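Construct the entire structure; sequences and hints are all you get.
Now for the letters of each chain:
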Amino acid sequence: MCTINSAGKSAALIAAVLLFGAALCFAEGEANAPQDFFAIPIEDLAEQSYTVSGASKYEQKTSEAPASVTIVMADEIRKYGYKTLADVLQSVPGMFITYDRNYHYIGVRGFRKSGDYDSRILVLINGHRVNENIYDSTSTGTTFPVDIDLIEKVEIIRGPGSSLYGNNALLAVINVITKNAKTLKGVEISGEVASFDTQKERISYGKNFDESHNLLVSATSYKSNGPALHFKEFDDPATHNGNVSNDDDKFYNLFLTATAGDLSLTATYLPREKGVPTGSYETYFGDSRNRTNDDMTLVGLEYKHDFTDDFAVRGRVSYHHYNYDGDWVYDDEGLYINKDSARGRWWESELQFIAKPTENHKLTWGIEDRYNVRQDQKNWDSDVYLDDHRHSNNWGVYIQDEWKIFDKWTFIGGVRHDEYESFGGTTNPRLALVYQHSDATTIKLLYGRAFRAPNVYELYYNDGGHIMKAANSLNPETIQTYEAVLEQKLNKNLSGTISAFHYEMKDVLDQYLDPSDDLLVFRNLNEVKADGIETAILGKWANGVKGRASYSFVEARDGQTNAILASSPKHLAKFNVITPIIQNNLFAGLEVLYTSRAKTLTDNYADDFWVTNLTLTYENIVKGLELSASVYNLFDVHYGNPGGAEHRQDIIEQDGISFRVKLTYRF
Amino acid sequence: MKIRVYSLMLLCLIFAAVVCADDAPIQSREHQIKAAFLYNFVQFTDWPAGKLAEPNTITIGLLGEHPFGDAFDPVKNKTVKNKRLNIKNLGRFRKSFPQSREGHQTVDDAGKLEFVNYIEQLRKCHVLFICDSERENFKAIIDAVKGYGVLTVGETADFLDFNGIITFIPGTEKAVFEVNQKVCEQEGLKISSKVLRLARKVITDKDPAVDKDK
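Residue numbers (the working numbering), protein chains in the order written: chain A, 1 to 667; chain B, 1001 to 1214.
These are computed hints drawn from the structure, not numbers from a lab. Remember, predicted model here, so these are calculated numbers, not experimental data. Accuracy of the hints is not assured; some may be wrong.
[Stated by the list, open to error] Cut-off 30 angstroms, straight-line C-alpha distance, at most; resulting in silico cross-link-like pairs (DSSO-like, lysine-lysine):
1) A:K362 / B:K1201
2) A:K362 / B:K1174
3) B:K1194 / A:K185
4) B:K1139 / A:K489
5) A:K492 / B:K1139
6) B:K1146 / B:K1182
7) A:K408 / B:K1139
8) B:K1201 / A:K356
9) B:K1174 / B:K1139
10) B:K1182 / B:K1139
Quick look at the structure:
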């Protein structure tokens, strides 16, 4: 049941909605005053971006791509006041975010498994895959390796992507494109303050030396003390009556992109330190020494060259660091700290060719290799329980053909074969038929298979015979997805998408309590079957108003028991609109998100909830100065996300109303 | 049953957005920028002496269902190159004029004269912007103004294949354009290097791709 129950709040909501409607109409009146582009020198004119969102790009892409795609641009990130990548994904059809007050987890199409770290979603930064090599995690909250302010575009490609990308691309591929000196020129200084004693500062500098040489450097610092929290599960005098204030969060980010002709470099480093307030893993509740440190480093080089219009080569090589250190405080006749750590080091390389041998065929083929220099896990206090050192290699080859069979029909067929030292080979195809009925109507029929290799955490983690033992040998998880998509332009302002899908996951890795020794061990245990629909409407008007509304329904069931999965809300509805209030200066971004109830691990339910976020952005107060003010969870709705097996809390409370003010100056 | 209330409000809001916004004149930022580009093209193009000889105006013609709205208002009747800038709406291209009510073609002299006058108007333009709506007639239009020193500008990816001179590439986030320098030279136009430098691609004589349509 919805948790807003005071009439006052409802009245406030109605008032806000009415105001917003009025603002929309007002915006129209203001829209007719054209900005004086005629006074701008032609060179600068070429740098002015058309309205904003890459809506046209979106349309073009979706109708071509063998998948259902959503694109979110930097302009929307700013105007909706998104603080992390998790906020962006939360707004996207079919996706939902679970936050356990340490990490954010992505749910896609009804699937989100507690106890793992988004290993079934592949995240790329400027084409470099960043899922790390211990837990396969992708971390979209404050651990995401690039400051949200430096993201130019987020492409969300739903469905299986293993036929091109290999491992992890089961449910979605998220491609994050960062800014470069073309999109962030000169000096930009940004500062923000927010609720819960939160501050963020950033300084960036972008320079174009000439057309093909440019450089962007940026540094960010973020610190939040976090709210004071109360957990009723710990409401006992021995545990401070359930009150804690160790939800602090802190990160830095150093970032660089540079382009020299066909070569481009992306380097980013983000260390983050988080207090863990939930008393998870049976730790001593309320001790501020319970904390995790994660840091990720990416240094990636990409080479792109179009030899002719019909032949292009793309190569990339990257080096990655991932470090995790967890301090967990336990009470066993005196407090002591148990330390848990992971060290990942790896190289990635890929060589890709794109060719059009004839008018009607576009071929893409390539080879990818990952060499894991270190995949080390350690757990110790006075004794060492785990000290596991690994290194490994895996590689894949792939080919895809985009074949224009007839005028309106395109067939896309691709297949990739991957080889792993741990389990051997796996081959994953994708077939897509795209029928472009007219400029307005596109129909897609899609089939794909994808896999996830068991990671070293699942294979080798053990704590010396206390709770967990190593599996040592596991098979990959697989998914098969069938999907039909209709994309329809409704008029010159509106376009709609409907997608229906069915997927089946097999050999899903889960922990199993071995009765012979009472130890937990990973096994290829589960099956999942899901059916769902996603509908979305996108709108964009000449007066600058744009938005999207979506509704998705999914029933994701356990293949054996037929029970609805935990942490799987059936209904998601999202409504986003940006409207100018004063043309070219003041914008309002409103977001209303609905998530239906989701089952917890104890077969209770986390209530359904509505969250409303509102951001006002005032651009060019004086030239180059921008002020934005955001209210998150405007109606102070109390809601929670299902907890994991490591939590005593069945449901973990989320933040109530909070505020942010942000000032950015470019010169 | 708060959900229903909220859904209703959502619907109201969407409705408000649609109603308020749908009737707004289509004059997006994109076309404000493109209008400014056309204005700049006038400034940075040299026409053959004959083309600038006659009346005291420079004309930007807009052909098709163009989305400029009143984007040109700030520069209407302004002086460019010592001449008054004239923005001319030419409506949709009339290939087979005139037609009787029944749709049968009539071939009376008055009709022919009207058609000739219409083509004449196109030929007098200095810059002729041809909208996507005229896609079927690109060839006919460009053939009709061939040899009259008209700087044709389109916003369709394959506009240059029809021997158009400049085209804005659709689906980009900023104004990206390509120039067909070969046709430009044939028409006796000289586009300043200031403009050419900004072009994504300049097709010169050496490039055989242009001959596709011949």
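Hint check results:
no.	hint	in the structure
1	A:K362 / B:K1201	23 angstroms, holds
2	A:K362 / B:K1174	27 angstroms, holds
3	B:K1194 / A:K185	21 angstroms, holds
4	B:K1139 / A:K489	28 angstroms, holds
5	A:K492 / B:K1139	26 angstroms, holds
6	B:K1146 / B:K1182	13 angstroms, holds
7	A:K408 / B:K1139	23 angstroms, holds
8	B:K1201 / A:K356	20 angstroms, holds
9	B:K1174 / B:K1139	27 angstroms, holds
10	B:K1182 / B:K1139	17 angstroms, holds
Violation of the numbered hints given earlier is absent; every hint is satisfied by the structure.
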